[in-house]
Each structure stands twice: as structure tokens, then as C-alpha cells.
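Asks: Please build the complex by placing chain H on the supplied structure of chain W, with the hints as guidance.
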Amino acid sequence: MEINGEFLEETVRELRQYFRSGSTRSVTWRKNQLTALLDLVHKNEDAISESLYQDLGKHPVEAFRDEIGAIGKSATYSLSCVEKWMAPKKSDIPLLFFPAKGEVLAEPLGVVLIFSSWNFPIMLALDPLIGAIAAGNVVVIKPSEQAPACSSFLANTIPRYLDSNAIRVIEGGAAVSQQLLLHKWDKIFFTGSPRVARFVMSAAAKNLTPVTLELGGKCPAILDSLPNPSDFKLAVKRIVGGKWGPCSGQACIGIDYVLVEEKVSSHLVELLKKIIRRFYGDNPIESKVISRIVNKQNFTRLCNLLKDPLVAASIVHGGSVEEKHLFIEPTILLDPPLDADVMTEEIFGPLLPIITVNKIGESIEFINSRPKPLAIYAFTKDETLKRRILTETSSGSVTFNDTMVQFLCDTLPFGGVGQSGFGRYHGKYSFDTFSHEKAVMHRSLCLEIEPRYPPWSKFKLEFLRLAYKLNYFGLLLHILGLKRYK
Amino acid sequence: MSSSTDADEKKKESFNAEAASLLVNNLRATFASGTTRSYEWRASQLKALIKLCDAHEQQIIDALYSDLAKPPLETVAYEIAMFKNSCKAALKELKRWMTSEKVKTSIATFPSTAEIVSEPLGVVLVISAWNYPFLLSLEPVIGAIAAGNALVLKPSEIAPATSSLLAKLLGEYLDNSCTRVVEGAVDETSALLQQKWDKIFYTGNGRVGRIVMAAAAKHLTPVVLELGGKSPVVVDSNIDLKVATRRIIAGKWGCNNGQACVSPDYIITTKDYAPKLVDSLKAELEKFYGKNPLESKDLSRIVNSNHFGRLTKFLDDEKVSGKIVFGGEKDESKLRISPTILLDIPRNSLIMREEIFGPLLPIITVDKLEESFDVINSGTKPLAAYLFTTNNKLKEQFVMNISAGGLVVNDTALHLAVNTLPFGGVGESGVGAYHGKFSFDAFSHKKAVLYRSFLGDAPVRYPPYTNIKMRLLKALVGGGLLGIIRALFGLS
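For the protein sequence lines, the chains are W and H, in the order given.
According to my numbering, the first sequence is numbered sequentially starting from 38.
According to my numbering, the second sequence is numbered sequentially starting from -10.
Just chain W, same shape as in the assembly (with noise of 0.2 angstroms):
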């Protein structure tokens, strides 16, 4: 089907007639749809592990770890939480207005436009679609061309399960996006690129279109030097499935680069090593566990990173590549050159720099110097350096001891500040994201405010100053006659 303007004005105006009509806004619709998207995860496990595998090398379990799984958790969530959402929630108002009765109400936006990027391309693409789709919304679903089977799929099985009245994928690549954009749209949310984003924003602007940008960043893991060796390891494996574990490195979330004392560092690259040789043996390219370089592009841009001799000259692990299969193997690089592009640029592969630091506390002023990432994470039993990391730096998140797992909270926040971007989503955030919130206030045509209407005289103009000061006692001797004015 050729995407062209008219046919995307054609869909855009259909999607608003329909949203006009009310039929997204009943909570049966809503929990239909919901179920509708649970059903179309399950039923089609295989054939979605099978485009993730194609686009990207993904491993089933890891298919079903990072996208699969969360895709299901989130619309159960949902399911069970949306008529709750959808509740108007009351907000105190003075006794000074009495009778009077305050409530904010949630209103789908309307017509919404989501952006999915390629490297988490199914969850990407439905976990914002789960937000639009609980808080009411007509939805258009542009996914990213560069996972063209996941893309496909979506294209092919979204209609088939889902009210494509009111849910639309419109496939295709950067022509057809600026084509979206140039359209009319109650919300876009966006996951991608800075440089990206600041096109999307631009357009948005042109309609007062509200944006959820959804960013990345290098994100660093802190390694504090942790008394007990067990915990040192165990520290280390989280490190090893968080950096190599996500696409291989392609993750927005993922670690980007590790800060550690300069005195444990050899014995990080060691445990490093070993790990990475027990998770994906010793030829990682035939283990199969490691997602690939999605495309040729990405594969070129980091290979450059490692032509820099001052970078390839820090390697100490890794380094080949194998340009058939877009293979990179887990590369460990120690102390590169801080103005090489591997440690100014979000690095969205499997290089994992190590930068040495003479003491831990000097990691807060090394990340306060750059952009603001999407995740910090930091490894450390030590409850000062804790509150340090938490007040001295700004991210999207923060988590301690682990990584990548704050992503399955639904209770959290997920959205970055800065340069991450802005905006948030997941579980009741997503509801948000995709509502506006009304204020709603009612009073009654009964007991008046006399005072509120001209002509004006000191006698009104005291009322109103304590009526201000809510001071109902004041009021009430002021009315009476028996406030001294000063």
C-alpha cells in the first residue's frame, strides 16, 4: 500500500471521526482492546521471537525476557488497574466556596502518534500503544523501518486482534515520518535519538502538539570496590548481563560504560572475562546468546570507534568483528581516551569501556561533566556514597546493585531528564502520558459571596483579603461588624 499524503490524511481523519464517535471511551473498549493485545502476545510467541530473531539475532528467551514477557506483565497490569485510572479523582476545596465539590477527571488526548525505535521493536512499539489504549485514545503506530520483520508484524497482526477503527501501523522510514509529521496530533510520543527527537519536537511545535521523548545517553555503572568477593561477583555478573544481556549493548538502559577504582580494575577485566566466557563460551559469535549489530550502518559506526589506535590500543578483551553476520564480540576496553567518539558519543553496542578513577567519589563529578543519562547504576554497600550519587547526580533513574531491572517496575516512573529526554511511562504513567488531566469544579447557585461583585469598597476589599487568609473566623466578625480595621 503506497504511503502517501493522501492517505495518511485520509487515516488521520477517519481515526478522529472515530474518536468523535466515543467509542474508545468506554472502560469496555479499553479493557477489549487490552485483553485483545494479551491475546495477540501469547498467541503469537513464536512468530514474534521468530522477527526479533530475524531483525536481530534475538535470543527466544532473551525475546521473551525483555519484550515478550514485559509486553504481557504490563497489559495485565493495565487490565486490572484502568477502570480504577479512569476514576475521577477528588480534590479538596475550601470551606470558603462551600457548596462546592472539586474532582480531576482524565480525557484521552485524542489522536495519538507513536514512534517505536528498532532495537526493543515489539515491546517499543505496544507498551506506549498499552497507555494510549487504557486512557481512551485513537492511535497511529509508526514502527521502526530498520526491524523490518518486527515491523511487519505488527503491520499483519495488530489488525487482526485489535479495533483497527481507532489502531493503525503505518510502516515505513523517514519520509513517511516526516510525512506524519506533518499532520495534526493530539500527543506524540517518541523513542529514539536526541537528534531525532529534536525534529519531532519541532514539528510538534507547529501544532502545540504536548511530546513524551523517550532518549538515552551513556549510561554508567559505578563500581564501588565491595568488601565481600562474593558480592564483588555477583556485582560483576549483573554487569555482564546488564551490558551484553539487552541487544547486545543496544539498549537505551543499558550500561554504556563502568567506573571503578583504579586498584580493582585488573580484577574486574578478570572476573569480566570469566563471566563473559561462562555466558557465551568461548566463540560468543556461534553461541548464539548475543544479539547482532542491527545493520550495516550501526556495525560501521562502531567498528570506527575502535579504529581510533588509542582506542584499539586499550582493548583488553574482544575486539574481533565478523562483518557477514554484523557479529561484535563483547569487547572490554580499559581506560580509552576520554575524548575518543567511544567515550563521547552514546556508545549502543557491545564496547564496554572501563574508566579508572583514584577514588569512587570522583565517578559524581565524571558524570556530572557530561549529559544527563537515562540510568545511572551503582554497585555499593557504602550508605554515604549511596546519598551522594542520589543528590550530587541527575538521571532518569538510579538503581543500586543491579541493572536494566527497574524497567519491570510498574510503580516507577520510566523517562529520562535532560538530554535523556523528557516525559514519562509504564503502568499508571503510561495512563497519563496519553491523558489530559480536566479540573472539574461544581458549585451550587445558592449562598452567594457578596463581596465578589463591584461596586468595591473597603468593606469588600477587607472580606476578600481574609477570605484569602481562609480566615473564617475573621469573615465572620467582619460581617458581623466587629473587626477593628488597622
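Wrong hints could be hidden among the right ones.
Result set (BS3-like, lysine-lysine): computed pairs, CA atoms no more than 30 angstroms apart in a straight line [claimed, not checked]:
id: 1; chain 1: H; residue 1: Lys91; chain 2: W; residue 2: Lys418
id: 2; chain 1: W; residue 1: Lys126; chain 2: H; residue 2: Lys91
id: 3; chain 1: H; residue 1: Lys435; chain 2: W; residue 2: Lys127
id: 4; chain 1: H; residue 1: Lys426; chain 2: H; residue 2: Lys271
It should be emphasised that the hints constitute simulated quantities derived from the structure, not laboratory data.
Since the model is a prediction, treat every value here as computed from it, not as a measurement.
Replies: Structure of chain H alone, referenced to chain W:
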């Protein structure tokens, strides 16, 4: 005289992009030093703002009178008192707002604890408007300071007396290493907008709102845009007409003579009821403003000749000639337009296509009141919408089907004074909200924090991947304890 003009010129000349950049860098350095983080600092600044109001009330009244001929009572009630109230409420709640929020965790991350920590965004820019120049400058500042940010305030040049008073007073009362005022117009605002801010809070119109958001997009800066729109009032026939009328008048002409973002813009009522409504409006208007409202001291004037011209154009539109049923008097020299009511005007007239922001009140008539919803929904979403009725079903339908920043049933504009309600727009009327805790939140980053321990590690997370790991993983992520047990025993 000339030396002060030269000095002014020099001052204005020097605030360009370079100066703006230097300013932001200074503020960033101060912010990095941690000055704005402590509870004590934030509380001291809020207390200073309250003192500022108490000590300079007359000067504030005078400035607003100079800028808008705002009646002193309006200034005291709607700008100063409302602002002081917000400050005091913020002071009272500040400790609680600053405390991190503990949240529950699920079995998927067991064992773990989690919390959400509020932290300041950093260095923020507040651009304010001319119609409530005191309140709309300082109310966002409460939020910015309470949340621990450093900030620059750019007051509107269209209210110059208030702008210069704010620059002077904030300079005297607040910590200048963290809070600065930049006065000026388009050039200064552009210079400021070129810089990288951690948040931009803008109050004004949609045209400039787009410019602000586009500038913010270059740096991926989040924004709050408090804009406006045509706030409709739907008037049913089964009401206490006198009370309703007075409330409409209070919200329209009582709020800066209609120059307020939540002022009733136009009325929709039935053809049958319209004459009664018009009569009631005329009667109450006379009680409020006398027989010669053009001269009334209880009404603000029009802010400047630009807006005066804009408003008279609405009246000159040939589509509305003959539709003026009350008022219509103008005095260009004094920038005054009397409260004016227009009845039965065509929907495609100029006055129905733009936000009025002035003392003109068109009345649209329909056959059945239910049609009013279509009228409202055919336009862009307003900042506020009002309904006067005693019909509960109509109230329900109104609340469900009318999308606006905020709704009030049986009153107008009052919701602004309730700081437990978020105040903000939707669609064309804006993005984001503030007042009360919403202000604190608007200027904060809510950081998610997860604490995990070294006890226990689910091997299912790591390769080599096996079938049993797959089963366990499904059970773990699925969240059921029973499922996990079953998986462990190979029963699933």
C-alpha cells in the same frame, strides 16, 4: 533626562545572545554549587516573597494601575492576595513535597525497595504575560523556587511599570545569585530563547507559544505553555438568573475587563432564554458599574492601542453590525471600551474566530441547549468552559463531552483560586499545568530509584539459556508466586 535614556539604551543594548549565555552560565554554576537545594534556602526565598508583598502593596497597586488602570481591589484580591496565599501554602507543604515517595515493588524485582525522588531540573526560564503581570510572573516562580531551581524571569514589556517594579523588588528581596529578572521585548526574549534551559514556562498566546516550543525543541527542553482560547459559557434556563448573571459579570468584566485567559469569552443559550439573559446582564451591569461604565473606576482599561485596535475591529465587522444590544462605547484617548453585549451574531464573524480578550461578550443562540456542545467542540479546546444549570444530566454530559483545561459548573474563573486543582490547558490552550503541588511538580524531575540487594540472584536472567530458565522467566515476569513454584518444580 537624556542621561537616563542613554543609560537605558546601554542597558538594553547589552542584553543580547552573548549576555544571555553568560547569565545562564552563571546561574548554572550557582546551581551546581548546590545553593538552591536546601529546604532552608527555598523556605527563605518564599518568605522573602511574602515580605515583598506586605511591604510594597501600594507600589504594586500603583504599578498595575499604571499598566492597566486595574482597580486596586482587583490587584489586591486577584494578584497580591492570591499570590501570597500560594506562597504560604507552598511554605506549609514544602517539606512534604520535598520528601521522596516510597512505592511498592512487585515480585518481578524481589527483593527490592523503590522510591521516587523529586529533584530540581536546574536553570529554568519563566516568561510571563501582561494581563496579570504580577501574579503570572511570580506564581510560576513559587514553583521554580520550591522545587529548588535557579531561574530567570522575563516579565512582559507590555506591562512596563510592573516589569520594572518586579526587577527592582526581586533584586532586593531574593538571592540574586540564583534568581534574576531580565526586562525587555522581542530581542531580549529571543536572546533568552536561544539558550539551553532545563525548563521553559510560558504564559501568553498560541502564536508565541509555538515560537517558544520550537526554540525549546533545539535543546530538547521540556515546556509548560499556559495559553488561552475562547472559554464558552453555556446558560440553561432553569437557573437562578440573578446569581448566574453576577457570576458571569464577575468572571468577564470583573477580571481585568475581560483580558484574562479564563474570562468567559462568549455565551451560548437558547433563543427563548436569550432576551431574559440580556435583560439580567444589563440590570446587573448597571448595578456594578453605574450608568456610565466607560468612566467606571471599577473596570481596567484596555492595555494598549494595539489591543484597542484589535477589539474595535471586532465591532466594526459588518457581520455584527446591528447586533450590539448593550454598550459599544469607546474612548480611544483613555483606551476604554464599555462592557458590550452582542446578540445572535453569526458563527463565522471575526469575533467568533479569535479569542476576544476584552470587554465584548457575544451571545450565540441555539434552538436546543444540547446543540451548544457541538458549537464548542467545533472550535479548538479552550482553557476553561462554564455551564450554568440545575439539570444534573446536562452537567454530566458537559463534564464528559467538553474538553477544556478546566470546567466550572455554576460559576466562572473560580477554579484558579483552588490550588488542589491543576491549572493548565489542552490542545490549543496549552501543555502542562501548575498551582499548588502541580507547580512544584512542573519544575521537578521525578527520579525513579530502585534498591536491590546482593541477596539472591535469579540465574534465569543469564545465559546459557535453557528451557527451564525460559519457564521460570515466564513465571517470574508473569508475577504469580504460584506460577514460580510450579515452574521450579517443572509443573508448568
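Asks: It remains to establish, for every hint, whether it holds in the given structure.
Replies: Verification of the hints:
no.: 1; hint: H/Lys91 <-> W/Lys418; verdict: 20 angstroms, holds
no.: 2; hint: W/Lys126 <-> H/Lys91; verdict: 20 angstroms, holds
no.: 3; hint: H/Lys435 <-> W/Lys127; verdict: 23 angstroms, holds
no.: 4; hint: H/Lys426 <-> H/Lys271; verdict: 40 angstroms, violated
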